[in-house]
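Chains A and B supply the protein sequences, listed in that same order.
In terms of my numbering, the first sequence has 301 at position 276, counting the first letter as 1, and numbering is strictly consecutive.
In terms of my numbering, the second sequence has 365 at position 265, counting the first letter as 1, and numbering is strictly consecutive.
Hints were generated in silico from the structure; no laboratory data involved.
Each pair of labels, with its calculated beta carbon distance range:
(1) B:Asn219 with A:His283: 23 to 33 Å
(2) A:Pro87 with B:Gly184: 50 to 60 Å
(3) B:Arg218 with A:His283: 24 to 34 Å
(4) A:Ala150 with B:Gly275: 44 to 54 Å
(5) A:Gly397 with B:Glu155: 54 to 64 Å
(6) B:Arg218 with A:Leu92: 30 to 40 Å
(7) A:Leu153 with B:Asp191: 45 to 55 Å
(8) A:Ala263 with B:Gly274: 18 to 28 Å
(9) B:Gln181 with A:Leu324: 28 to 38 Å
(10) B:Gly340 with A:Ser341: 45 to 55 Å
Cβ atoms here follow ideal geometry from the backbone N, Cα and C, with glycine treated the same way.
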Amino acid sequence: MSGRVDVAVTGIGAVTPYGIGQHVLLDGLLKSRSALEIVEASDNLLETRATLGRVRADVGIPNPPGLYLSRTDRLAVVAAREAWTTAALPAPPLDECPVVVASTVAGLSDVPAVAAVDPAAYYRAGGLARMASYQVSHVADAVAICLGVRGLRIGLSVACASGAMAIALAARLIAHGRASVALAGGSDAISGITLAGFHSLRALDPEPCRPFDRSRAGLNLGEGAGIVVLEALPRARARNVPVLAILRGWALSNDALHPTAPDDEGRGLAASIVRAMERAGVTADDVGYVNAHGTGTPLNDVAETHAYERAFALRSTPIPVSSTKSCTGHTLGAAGAIEAIVAILGLREQMLPPTLRLTDPIETGAVDWVSGAARMAAYRYGMSVSAGFGSSNVSLVFERGQAGSVQ
Amino acid sequence: MNDQSIMLTGFGSVSAFGPCRGLMACEPGELSRITRWPTPGPRRARLVPAFRPVELVPGLKTRRIDRLSVWGLVATGLALQDAGFDAGSTDGDRMAVTFGTAFGCLDSTEEFMVSIARNGHGKADPILFPEMLSNLPASHVARHFGMRGPNVTLACGALSAEAALAEAVAELRGGEADLAVVMAGDVLSRALFEWYEESSRLAPACLGASGSLMGTSELIPGEGLGVAVVETAEHAASRGVCPYAELHDIDISPDPGDAPLFITSAYTGEFWSTGILGVALALGRLAREGDDRFVVAFGNGRGHAASTITFRIGEDFRR
Numbered sequence: 026m027s028g029r030v031d032v033a034v035t036g037i038g039a040v041t042p043y044g045i046g047q048h049v050l051l052d053g054l055l056k057s058r059s060a061l062e063i064v065e066a067s068d069n070l071l072e073t074r075a076t077l078g079r080v081r082a083d084v085g086i087p088n089p090p091g092l093y094l095s096r097t098d099r100l101a102v103v104a105a106r107e108a109w110t111t112a113a114l115p116a117p118p119l120d121e122c123p124v125v126v127a128s129t130v131a132g133l134s135d136v137p138a139v140a141a142v143d144p145a146a147y148y149r150a151g152g153l154a155r156m157a158s159y160q161v162s163h164v165a166d167a168v169a170i171c172l173g174v175r176g177l178r179i180g181l182s183v184a185c186a187s188g189a190m191a192i193a194l195a196a197r198l199i200a201h202g203r204a205s206v207a208l209a210g211g212s213d214a215i216s217g218i219t220l221a222g223f224h225s226l227r228a229l230d231p232e233p234c235r236p237f238d239r240s241r242a243g244l245n246l247g248e249g250a251g252i253v254v255l256e257a258l259p260r261a262r263a264r265n266v267p268v269l270a271i272l273r274g275w276a277l278s279n280d281a282l283h284p285t286a287p288d289d290e291g292r293g294l295a296a297s298i299v300r301a302m303e304r305a306g307v308t309a310d311d312v313g314y315v316n317a318h319g320t321g322t323p324l325n326d327v328a329e330t331h332a333y334e335r336a337f338a339l340r341s342t343p344i345p346v347s348s349t350k351s352c353t354g355h356t357l358g359a360a361g362a363i364e365a366i367v368a369i370l371g372l373r374e375q376m377l378p379p380t381l382r383l384t385d386p387i388e389t390g391a392v393d394w395v396s397g398a399a400r401m402a403a404y405r406y407g408m409s410v411s412a413g414f415g416s417s418n419v420s421l422v423f424e425r426g427q428a429g430s431v432q
Numbered sequence: 101m102n103d104q105s106i107m108l109t110g111f112g113s114v115s116a117f118g119p120c121r122g123l124m125a126c127e128p129g130e131l132s133r134i135t136r137w138p139t140p141g142p143r144r145a146r147l148v149p150a151f152r153p154v155e156l157v158p159g160l161k162t163r164r165i166d167r168l169s170v171w172g173l174v175a176t177g178l179a180l181q182d183a184g185f186d187a188g189s190t191d192g193d194r195m196a197v198t199f200g201t202a203f204g205c206l207d208s209t210e211e212f213m214v215s216i217a218r219n220g221h222g223k224a225d226p227i228l229f230p231e232m233l234s235n236l237p238a239s240h241v242a243r244h245f246g247m248r249g250p251n252v253t254l255a256c257g258a259l260s261a262e263a264a265l266a267e268a269v270a271e272l273r274g275g276e277a278d279l280a281v282v283m284a285g286d287v288l289s290r291a292l293f294e295w296y297e298e299s300s301r302l303a304p305a306c307l308g309a310s311g312s313l314m315g316t317s318e319l320i321p322g323e324g325l326g327v328a329v330v331e332t333a334e335h336a337a338s339r340g341v342c343p344y345a346e347l348h349d350i351d352i353s354p355d356p357g358d359a360p361l362f363i364t365s366a367y368t369g370e371f372w373s374t375g376i377l378g379v380a381l382a383l384g385r386l387a388r389e390g391d392d393r394f395v396v397a398f399g400n401g402r403g404h405a406a407s408t409i410t411f412r413i414g415e416d417f418r419r
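Looking at chain B on its own, in the form it has when it is part of the complex (with noise of 0.2 Å):
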């Protein structure tokens, strides 16, 4: 450990499994039906089920803010808790947010379109435009929790996850935060699921059939948003704070060499941003099964390139 060590202390999630505070120990389920649009027929995806939001995050108010928003208030408030955060221990000047995210706020976007389409261009809902903006997941976050350090939000296709993590690992190190949240997640919604099939991508079973789900080379699609808080190590250490894991490295290349992989996907189902479900899928395996040693996140990167996300986990962090 050094001064530009890193430290994950904290996850929270909100993915097909629900709501989870902590890392994630899960098998995957059954696909579940598409109901939140008309289908032709039966449509079925991993879909995050329904919750209520203020049972697990006490205060919070999500009226009219989109679904991608509040789940990132929600998995912020899990992955807080979490780590052992008090709002009194940080200042919020020194507090980051970033957000990776492939399509961003679809729900609110097509809600809008929807409402120009038959309304016209100039009756259009004023509480939806701003919903749709990629970045207000993040400044929610930042609203709720008083973070006023930098609030970024990344778009890079499959490793937007990735590249969230990258920029705030870069804010800490440049001393720019002390903490940050990183957030990853999409929505899936009518318009990208019927864009996967009529590109005839979506694996048979989206489309009704049975069968084995796992290895299946076709795209399942997935949904959801995963957390992890990140700090210097000097930073936890204050906190007096037990870290999941020291990140070693993030690493883009089109070969993740020996290293063990893990296959988000095929847990959370396809939603391009999986990088930090990914992170606490894997880091809550190998802590189940008492493994020690370097673990490796592996996502498709846009056809030419895969991201290889490395830990150190010692025997005096958690588990």
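In isolation and in its complexed conformation, chain A is listed as follows (with noise of 0.2 Å):
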């Protein structure tokens, strides 16, 4: 179903491993550059070696009044920022801007796991504010306030999917006239918690990931945050401010499988991606472009594949597909969102962005593999697709706005 209003992207906001900024990233991308680092085993919790997409840039933001910041918070407040200035929307404060960011860890980023063992006592030394930043909905809050913006504030945590399905509910939002324009995206900070789960399920690549290849072995941890600012197209057009981008088709779906393996046939992700298409009213052979899930992990990558054997298979062409989590790390809560950004980039410059280290392609005809390098091309329509633990599937797709501008 056809949303009733147009939704534009007017403004995005990126705080990633390449650093602070949308610029930082395109640059990384254009130049096929990984941010990821390899942490010896004597820098690491988990008292092995590991590969992350750690931020180094500076995050700081004082605390507001009565607010503990986590450094999830400040991720989403940074990238938030850069978003509205990008928009070019008035100083805040601004009224109803309803505020959708997903998270998967939040506050936890910054809670000990001693806390849990005796919480009274955590709480005495002085982590009763820290813990008050613990719910999803914190993160939100932060921007919200932060940005001296009002209206709806919506958390939301669906794990790998949750920043893709943040974008989709904020436009839905618009598209259903309950909003002009929203803030909407995704952030997560490198936390103990997580480090230690993934190693847990044997997931983590100890070396920088390799998705879509047949030698990949895991997944590589990363942080950060994409923000993107979602406008009624025709308040955008009456604001005369560039159209990045026009999201044109959305669509959830769930395997309803397995908590966290992936349909092995990919059919969940293959509905979702065809049901953005339509919505969009575009074809298989309309998309130039599929900015992966691609976490490099043996289950997830060759039901990815599957799945765009499924949802492209009327298609005249191999798509071309890649994944810049090769680029940054997984940055769980904060990748559907980030890599929304990066297919909006895409768009804007023409540009396919490389999957790296992708030398022995899982075999399919169906798939144009993007490796190696940057490549331009010409293509109005670029999509992104996530998945995450509990099955969850998200499919965005994008049209070039009219602020492209190929450099």
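Now that you have both chains on their own, put them together as the hints suggest.
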């Protein structure tokens, strides 16, 4: 079903392992540079070698009165400020701007595991305010308070599909006339909890990851935030601001199969891709690029490849696909939003970002693996697809905006 | 009624009143003593009593699943029974799950953190890790009941339940699903209870003092989870199910006006995401009293807003 109001993207903000800002992200992708770093056992809570995508830039923001900002909150606020500036929105306070921000760990990024052994003792030692940032909704609260915007604040947590789903939900608010402008995205900091969790599942590759490669051995954790400004297209045109992209279609689905493993045939993900294209009113041949979920885990990447085979079966040529998690690591709740921004930047620059270290790809006739280096190409529609633990899938279809400026 | 009408056709819950199918017509009982973790003295709250899930939902497997997920599975099973749902009546692709929770799976999260603190980051429990994710309850429900449509977990503090209900309505009205299971709930864990205690927010009755519980302004923590089955009027009619009510509106505002208030936490204890249980209780009490009017459930919106959920109860609806 088509939305009643077209949804424009007028602002983007990103904090990634490349640094702060969309420009350093774009520069890294254009230069096909990895932002991952190998961390030796001595510098790592796991006490074993790991590869991580850490944000080295300073994201220090003073705590507003009465509010503790976790690292996850700070990443989100920095990205949101850039998005706000990009969109040339008026200085806050701005009434009725919903804030939809996803996270998986939220304030848990700042809480040590030992806090759960004797919580009262941890609180008495000064942890009370820190624990108040625990709720996922706190990230949206932090963004709204720090930017001075009023309106709905929605927290979202759907594992690694979170950031993309936040964008879809905010887009629906605009499409259905419930809002005319919204901030949406995701944020997650690397935490000891997630490091321990993915390590326990044997999902981490200690070396830089190789999404879609037959020798892939797991993912690399990263951190960051991606926030977009979504706006009713007529409102954006009335403000005479550049439209970076138009979010034409989105769809959500669930495999309903397993807590951590995807459907090995990729049926749920394919369903979300097909429905998103239907909503966008585009055919499989219209799509020029897919930014993949592409974690680098053995199960995900083969299931995802099958999803592309299903969803693009009627296409006349293989669909160009890449995973930029090979550049940034897997930023969990932020990944879907950061990768949506990558898709938007790719459209704007008419560029296909690469999968790094992909030298022996999964065999399929359906996919044109973009590997090694960024590729320039003329295309009008780009997609970003995300999936996560709990079997949720999200697909977003963007159309190139009038702000395209090939460098 | 029109093509945008949304019907409430089934309820299920797990709360201090135990598991319940359908509307609730309960009165607040005594507080329960906390025994799940060591306490410095008697500590009390409104706690979910022990029960056997498989006796309520045949075939349910809940071993090593987070308590919140177990409640979600049980309450969904009861709500679907209440809605007269036949698994073959609806395409799984057209069934959605929305879940509202302020804190998510606290039990598994705290257990996982304790395992890290005791064994080190490199030796954590792989079963616990996914179970601590906030969206796992909704995922378990989707898997068990074959619901392959949108699956969304929202965290909006004390408005989490209302957000989940609003999300389901948007999905149904937007044509993304025909039927949605709306879940909302939270568990009371050691870290949360001690946070309340260290913040000096607890009612004296929670700390062992005697006295009246009604009307107290201090916090009495609770826990539980409510499920509502909502569907489009067309879909409900096609199944031949008689709804409890038509959803009229969900509004977030500081002033609920002169509509009758229903303070859910007085019955269930405060656990933030009480909204769906509030609807089941409010509808249950009004239905019992034979009142036929709009019902309002009222929640605390983090100090700056309140939720107002209004319904139409028709003469031809279920009682």
